[in-house]
Structures are given as C-alpha cells and as structure tokens.
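These protein sequence lines are chains A and B, in that order.
Note that my numbering gives residue 60 to position 60 of the first sequence, counting from 1, and the numbers run on in steps of one.
Note that my numbering gives residue 16 to position 16 of the second sequence, counting from 1, and the numbers run on in steps of one.
What the hints contain is simulated information worked out from the structure, not anything from laboratory work.
Incorrect hints may have been included.
In silico contact screen, one side only, chain B against chain A (beta carbon under 10 Å); selected entries [to be verified]:
| no. | residue |
| --- | --- |
| 1 | S51 |
| 2 | W92 |
| 3 | W129 |
Remember, predicted model here, so these are calculated numbers, not experimental data.
All residues carry an ideal CB built from backbone N, CA and C; glycine is no exception.
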Amino acid sequence: MATRAIAIEDVKTGEVTQAVYEHPFVVRLCHWVNAVSLFVMMGSGFQIFRAFPSFGAKIPQKDLLDWPKSLALGGWLGGALQWHLTFVWIYIATGLVYLGYQIFSGNYKQVFFVRRDLPGVWPMVRHYFFFGAKPLTKEAYNPLQKHAYTSAIGLGVLSALTGLAIWKPVQFSWLAWMMGGFHLARLWHFLIMWAMLVFVFGHLVMVLLHGWNNFVSMWTGWKKDPEYDSE
Amino acid sequence: MKSRTDSRKFKTMSRRELLKLTPVLALGAFAIPQLQKPLLKGGLAFSDWASARLFRSGHLAPTFADSDLTSFEKFPINGYDVDDPGVDFDKWTLTVSGAVQKPGDYTLAQVQALAKVTQNTRHVCVEGWDVIGRFGGARLSDFLKMVGADPTARFVSVQCADDYYESLDMATAMHPQSLLCYEMYGQPLTREHGAPLRLSIPTKIGYKQAKYVTDLKVSHVLEKVGYWEDQGYSEFYGL
Chain A
1 MATRAIAIED VKTGEVTQAV YEHPFVVRLC HWVNAVSLFV MMGSGFQIFR AFPSFGAKIP
61 QKDLLDWPKS LALGGWLGGA LQWHLTFVWI YIATGLVYLG YQIFSGNYKQ VFFVRRDLPG
121 VWPMVRHYFF FGAKPLTKEA YNPLQKHAYT SAIGLGVLSA LTGLAIWKPV QFSWLAWMMG
181 GFHLARLWHF LIMWAMLVFV FGHLVMVLLH GWNNFVSMWT GWKKDPEYDS E
Chain B
1 MKSRTDSRKF KTMSRRELLK LTPVLALGAF AIPQLQKPLL KGGLAFSDWA SARLFRSGHL
61 APTFADSDLT SFEKFPINGY DVDDPGVDFD KWTLTVSGAV QKPGDYTLAQ VQALAKVTQN
121 TRHVCVEGWD VIGRFGGARL SDFLKMVGAD PTARFVSVQC ADDYYESLDM ATAMHPQSLL
181 CYEMYGQPLT REHGAPLRLS IPTKIGYKQA KYVTDLKVSH VLEKVGYWED QGYSEFYGL
C-alpha cells in the first residue's frame, strides 16, 4: 500500500533525508496503552497464579513453580484481581479500537501476514539468527515481522477469550467447553500469556537492535531514513 | 513524487504527532496512591455491573456425570475461621427475617420437606482450583416462596455460625440450581462442609457459598455484602 513519504531538507546543511509515515495515530495510541495494560495484566496475573500455582488437583496440591512476589502486581489475591478486572476492560477496548481501525482503514495490509509473505520468512530468519544477508524489502514490515505481529494479535484475542472462559465458565459454558472445560481454559490462558511474553521479549530485542529512528517512529509516526524504499 | 519539507517543519510536525499521544499519560493516575484505590474500586464495580448484566436466569450451570465427580476426600474444606464452629444440631434453626410474610425460626425438617434436588456441579474457588461435587438440598427459590419473600426485594443475605456472612442478588437466589444444601455425596453434610445447612450456588464463586448458615434475611438494601467482599473481593462474582 502507498505509504506517505517525504524528503526533508536540513535548513543548515541542505542535506536531504527521507522519512515515511509508518504508524497512524490510532495504531500508536493503541500500542502504548496496550503496552501498559499488558504489563498490568501479566503482573497481576502472576499474583493471581500465586494463590494456586498449579494446574492439577487441589488435594493433593503439586505446585508448578514458586513465582516470586517481587515480580507480581497487586500484593495479594484480592488486590491483583482488582487490577486484573480493571485493566481487562482497557485491554479489550484497546484491542477492539485497534482491530476496528486496522480493518476499516485498510491499514491491516501493513501488518497482516498472508500467504505471499511465506517465502520471505526463511531469509529473514537466516538474516537474524544465522548471519545471512539482509533481504531487501519494499514494505514497512518484513515477512518475519508480519508473522510476529499477526501472531501477537492472535494471542491477544485468545488471551481475552480464555480469560472470559475462566471468569464466566457458566454464562459462557460453550466457550469453556470448546477449551476442554474450566480447568483446561485456565491452563491455555497461562500458556498464551507465556507465548505473549516470548513475543514481547523478541520485540524488545528487535527495538534495541534497530536503533533510535525506529523507536521514535512509534511515538511520532514518522520514520527517518527507512531501511527500505517506499516507492 | 515525494513532497518536500525542511527540517524545522518536520520537527514541528513530529512534535505535534507526539503530543497527540498525551492521553496515554492518563493511565499514570493508577500510579498515584490517592487515586489508585478509588480507580481500582471503580474498575471492580464496573466488572461486577458487567457480571450482573451477563447473568441469565434461565441459563443452567453445566452438570456432570457421577464418573466426573471429585472424590469426597479430595473436596477441599475451605474455612475462614474454624472447620467446626460447634453448631448444636438439636437446637439449630434457620432464623428468617426481613421482607418476608412469615418470619421466624425454621427447622431443618421444614427445609427437607421441600422438593429435593440433587446435582453434580462445579465448585470454583477464587484461588483458581475447581472440583466437581454432588450436592443435595432444597431450592432456595422454593424456600423463599414458602416464607413469603417479597418478590421485589433485591437481596438475600445469610449469617453463619462462625461469624461468616454472605449475600446474593435476588436473581441468583431464584435461580433453579441455587440450593439450601443439606447433603453432599448423598450423605448429610459433615461439620467441616457446613452442617447442618450451607449454600450451593453453581452460578457463583466459592466464597459466596456460605457454610453453617443460621440466619437468612430478605432485603431491599444491603447492609453488608460479605466477608471477602468487604476485604476487597468482587461483590457479584457470578460464574
């Protein structure tokens, strides 16, 4: 899709740099609100998990792990539930605004992983993990990036659905049933959170690797000196 | 063709785009100690409102086959104070008060004279574990009809022998699976499980299902919600 691009002439040196408008306002807003929500949801989720850190029976209880209290939010189960049940609404509202915007504006094409992106995944993996040459791209996101973002959005939807099944296993009994019952829904919710955490980790590493201009673009929308030719 | 601009204009443009994101800072309110408590209270209240809206009187909680039951020995005993508050079964009555036509003391035999319901339902604890148990008792709705409860009343609250207290919204109290439970696994309730009478509400979280019930009050206004709710847990917590 056509990305807005401009040439910037430095007022002092006359040097010309390119810049593209990569991230529309709604996307940036949702991104940062979601970053906060995700932090709160995971932190409070860990504290909730501490109340019963198991996926087995209550009697006898076999703890899966002893998650440190210092890496949890809310202080106690009731407090953590307050955080979780408050931010879940912000999390879901942000998700709906984001998805609605992407679909109706057509901007989803920038992110959404489709079949023709498939051949481009392996060269990117080779570049990042096995010192392969950097493949040329003409889009804001390379195929591997699209794959990662599309997966993350999918995980976001699944986290909300599994959460709903745990919160309302009676009213949404069909949802819990699809997940194999309340018991398993709780496990899926937990595993999806870890998958999301893997994404967040990879995402942060990539942000560090790709420098200042890339980071700034998520705040202003404009990316100076893009690594690709937009036209 | 690309449009051109100079670096000064680009800076202004970028700054304007950045400033558009200031609404994100509103989330910082959650980090201010004085605001945090009321905000989280509001968030929880909103969740409870949504919970009440999602509740459907005609929607039944899933029931399970006998082979799915958690064995009686593995059904946890969660007491807030003592496992046995020393109820004298011979003297025990259920004291009914509030917006009812026939207040007074009711015996266990009067509760047991109502149609008996036995159901295998899931008991979910707020901590995260769940068990499937077999519960027998009278429909709370039948009992409320018997005592002539005001159908326009909004709450049913109970007081327990161990000082625990709880309350239910009227819609949940009238739900066909809400029981005044006097049997578990086909046997009279044991003391640890709340003998002689407890609540079994498969559409609610565990802490709502009070044990050793001694008093029942029907009311339009709630004086106190429940032991855990008053510590900061969800008030409605419907499943």
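- Compare the structure with the hints numbered earlier in the document and write down the numbers of the violated ones, lowest to highest. 2
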